[in-house]
Amino acid sequence: MKIDHYIVFIGANAALSTELGSMKSRIEGAHIVAPAVKKRQVGATQPAISIAMDALVSELGKTTSHSEPARLSLWLYDPEKADQFRGLWAAFGHSAWIETVPRSLVNKVGPTREFIESRINSIRPLLHEVSSAAYAKRKTSPLPLPLRNFTSPITAKLKTYWYNDLDAESLSKQIKSFKMQFRQLREKTLDGYKDDKALIFSPAKDEECHGLAHPTGAGGKAFTCGRFRYGVALFAGFHYDVRDAKNRPLQSDLETSFGTVRSLKSEKRSYINIFPNDHLLPEK
Amino acid sequence: MPDQDSLETTTAKLIEDYVQKHWEDKGSVHYLSNIGSRLKREFPESQKVITDGLAEFIRRNPVVKVVQHPKISQKIGAVPLYVNVPEQIEELFAKKASSSSSSDRRWGSYEQAFWDAFIQPIDGEVRYVCVDEAGVDVSDTQPTEIKGKCYEIRAEDQTKELTGVAISERVAATHEAINTWLEKNALEQETFSARKQNGNRRVGGRMDEFFDLFEGLSEEDLARISIPLDIIFKLISTK
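Those sequence lines, one after another, are chains A and B. With the first letter of the first sequence counted as 1, position 60 gets the number 60 in the numbering used here; the numbers rise by one all the way through. With the first letter of the second sequence counted as 1, position 196 gets the number 196 in the numbering used here; the numbers rise by one all the way through.
Derived by calculation from the structure, the hints in this document are not laboratory data. For clarity, every value in this text was computed on a predicted model and none was experimentally measured. Every residue gets a Cβ at the ideal spot worked out from N, C-alpha and C, and that includes glycine. Do not take every clue at face value.
Just a few of them, taken from the derived set where beta-carbon distance is under 10 Å, the chain B residues facing chain A [what the hints assert, rightly or not]:
no., residue
1, Q4
2, D5
3, E8
4, E16
5, Q20
6, R38
7, Q47
8, K48
9, T51
10, F57
11, N61
12, L81
Pulled out of the complex, with its shape left as it was, chain A reads as follows (with noise of 0.2 Å):
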């Protein structure tokens, strides 16, 4: 079976780009996506994270859904300035596995390429035990909540690079501490999660993952975090429905896709659905 894997290396020169190209008869089911930038935007700059956004959304758009082993790896040399490493964790963070490459290989095309072949083949198992959370156990594991609007410091955390520098063993155990915590949310007369603004977040069903497979939000952002969280597939369609704790009409304030801010005060709704990527349905 063909396993789609998207991978997206920020920031590469013409001669990186076009090695880089040559892993797609290496790798099976890979979709390189390593615009060329100019000489100027090359490595994690603003101009080449946006040029990797658009293209990425551009390859994806091909495919109206994706499977459960889809991958989404994102590449770059280790960036030079904190605000480049910002820059990028607020585009790709969310959707995306990042991994670095160690700067000694700047300027050397074949290594970059045979770190990235090597280093992915370690990744795997490491993305299967996120995928394992993200998609067979949604329901019960943070890990696909809808980041901008559940707030608790589960999400605090996730917001964060944390799984970096984690080997396949310490990650499966930060991911059973983050469902303990999770689990101690649970309102079970309620049957769903409850954040730090009393609103009850229940998974879907199923069943009830019918309508839009992955909402796309206005921007690319939120179209790839509407496919993918931390480089694994989301279940096409899994939204959670969300409450009030009383029962009583939805009077807070959420956050769309594009991070703007919609106030539920004068919509008199008594639940809304959100997305993994913060996709609200029904939309104003």
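Got chain A sorted already, so can you dock chain B onto it with the hints?
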């Protein structure tokens, strides 16, 4: 009250700034222990997000590069992301020649009790070091009568267990621990220096002239001087 997200962001930014400034001033790693103490002091709310330790926080928020001394595992520090880590990582732990940091004064000679305070296990959580005109007094119980000024040494300030490591490295690690502690408390090395033992020297004579030759030299220069053992014996026999 700031939410968890903004605490993470602010703390990460402060760490980045501290490390950047330290690198610009001193050209060496900024020890995580020092960053931690500074955060506690200057932004106590950071402790809400540094629940699993500073190294763990930086792992999740890689705004600086963490490096560990290859031989002395408890020496862990951070440098800005743009710094290329050399093959000889210990170079990052060395100081700029022009630096005036207290941690440069590696070969200070301290009162024995003060030196031991960084090696001997603490009976409790805090060790008190009090200094007055009479000298240094070290105690694991809070002094009832405060003479001079007292400072605290905690387990994290001490030289860590260095089983199987050469004596020279243990000495270096203790000097490093002391220098870090002095820096943390904004203290001068001289405050805890061993009193000069000049009493045994005869007044006048060739020996005094000989020792006087070295008076003006710096600690670094003195450390470079080696005298053949037979000459030492001859010098002693002339006393």
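Hints, one by one, checked against the model:
A hinted interface residue such as B/Q4 counts as satisfied when its beta carbon comes closer than 10 Å to some beta carbon of chain A; here the least separation is about 4 Å, so the hint holds. Taking 10 Å as the C-beta contact cut-off toward chain A, the hint placing B/D5 at the interface holds, the least distance being around 6 Å. Checking B/E8 against chain A: minimum C-beta separation of about 6 Å stays under 10 Å; hint holds. Interface restraint check for B/E16: the shortest CB-CB distance to chain A comes to about 5 Å, inside 10 Å, so the restraint holds.
For the restraint placing B/Q20 at the interface with chain A, the shortest Cβ-Cβ distance is roughly 9 Å, inside the 10 Å limit, so the hint holds. This hint is violated: B/R38 has a C-beta 18 Å from the nearest C-beta of chain A, more than the 10 Å allowed. A least Cβ separation of about 14 Å between B/Q47 and chain A goes past the 10 Å threshold, and the interface hint is therefore violated. About 9 Å separates the beta-carbon of B/K48 from the nearest beta-carbon of chain A, less than 10 Å, and the hint is met.
The closest approach between the C-beta of B/T51 and any C-beta of chain A is roughly 9 Å, which is under the 10 Å cut-off, so the hint is satisfied. Interface hint at B/F57: satisfied, since its Cβ lies 9 Å from the closest Cβ of chain A, which is below the 10 Å cut-off. Using the Cβ-Cβ criterion of 10 Å, the hint placing B/N61 at the interface with chain A is satisfied: the shortest such distance is roughly 6 Å. Look at B/L81: its Cβ gets to within about 6 Å of chain A, closer than 10 Å, so that hint holds up.
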